[in-house]
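Asks: Sequential numbering of the sequence shown, starting at 1071, is according to the working numbering.
It cannot be assumed that every hint is accurate.
Stated by the list, open to error - No more than 20 Å apart at the CA atoms, straight line, and that leaves these computed lysine to aspartate or glutamate pairs for EDC-like:
1. K1175 with E1140
2. K1175 with E1220
3. K1175 with E1186
Said to hold, decoys possible - Have a look at the derived ranges for each label pair, beta carbon to beta carbon:
4. P1100 with F1121: 30 to 36 Å
5. A1124 with V1181: 42 to 48 Å
6. A1124 with F1074: 52 to 58 Å
7. S1094 with E1135: 51 to 57 Å
8. L1076 with R1128: 38 to 44 Å
9. R1192 with P1082: 42 to 48 Å
10. F1081 with R1128: 31 to 37 Å
11. Y1180 with G1217: 14 to 20 Å
12. N1213 with L1136: 44 to 50 Å
13. L1083 with M1141: 49 to 55 Å
14. M1141 with L1176: 17 to 23 Å
For the record, the hints were derived by calculation from the structure and aren't laboratory data. Idealized CB from N, CA, C, for every residue including glycine.
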Amino acid sequence: MRIFLLLFLLFPLAELALLIKVGSSVGVLPTILLLIISGMAGILLMRLAGFATAWRARERLAHGELPEREMLQGLMMAVAGGLLFLPGFLSDIVALLVLFPPSRKLFLGYVGRRFEAQAQRRRAFADDLHQQQARREAPQRPNVIEGEWERRDK
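Could you build all of it, start to finish, from the sequences and the hints given here?
Replies: In structure tokens, the structure reads:
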């Protein structure tokens, strides 16, 4: 949670510093035009990603498969479009990394592994709770060991 707070505070400052640096290097008007172009590209990308994701998901559903990968890719494309829409060059660089297919595939693999690990932890925790609850609900019986015996006198 602390890292998100730190990023939330530092990211706008880094964006502002980079905007000032680029603006002083290339000028104010080209900087503003670059920001407008990237914002328009972000809006277009979000729109296209939504349509493409819906189409791929519909095809997978038609084949009787769950479209989880397509939905995650669509979500990533929408996030990239939103980052392009934000004014700033640092967010544009992150968006381009998300849009670049090899880096997106790496990120999807990482997220998939994290989701799987989280699901296994939840499953193990739920199984533990289920076993504890079953033990509490089971009637308490005395510990009886059944067997046969024979008395031998010497």
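Asks: It remains to establish, for every hint, whether it holds in the given structure.
Replies: Checked hints:
In summary, the hint linking K1175 to E1140 is supported, as the alpha carbons are separated by about 12 Å, within the 20 Å threshold. The hinted pair formed by K1175 and E1220 fails the criterion: a straight-line CA distance of about 72 Å is larger than 20 Å. Pair hint K1175 plus E1186 holds up; C-alpha atoms about 16 Å apart against a cutoff of 20 Å. At about 32 Å, the CB distance of P1100 to F1121 agrees with the hint of 30 to 36 Å.
Taking 42 to 48 Å as the suggested C-beta distance range, the pair A1124 and V1181 does not conform, at roughly 21 Å. Look at A1124 against F1074: about 30 Å separates their beta carbons, and that is not inside 52 to 58 Å. Range check, S1094 to E1135: Cβ separation about 52 Å, and the 51 to 57 Å hint holds. Roughly 40 Å separates the CB atoms of L1076 and R1128, a value that falls within the hinted 38 to 44 Å.
Judged by the Cβ atoms, the range 42 to 48 Å given for R1192 and P1082 is violated: they are separated by roughly 35 Å. For the pair F1081 and R1128, the beta carbons lie near 36 Å from each other, so the given range of 31 to 37 Å is met. About 57 Å separates the C-beta atoms of Y1180 and G1217, a value inconsistent with the hinted range of 14 to 20 Å. At about 48 Å, the beta-carbon gap between N1213 and L1136 stays in the expected band of 44 to 50 Å.
Distance hint for L1083 and M1141: a CB-CB separation of about 33 Å, inconsistent with the stated range 49 to 55 Å. For the hinted restraint 17 to 23 Å between M1141 and L1176, the CB-CB distance of approximately 18 Å keeps it satisfied.
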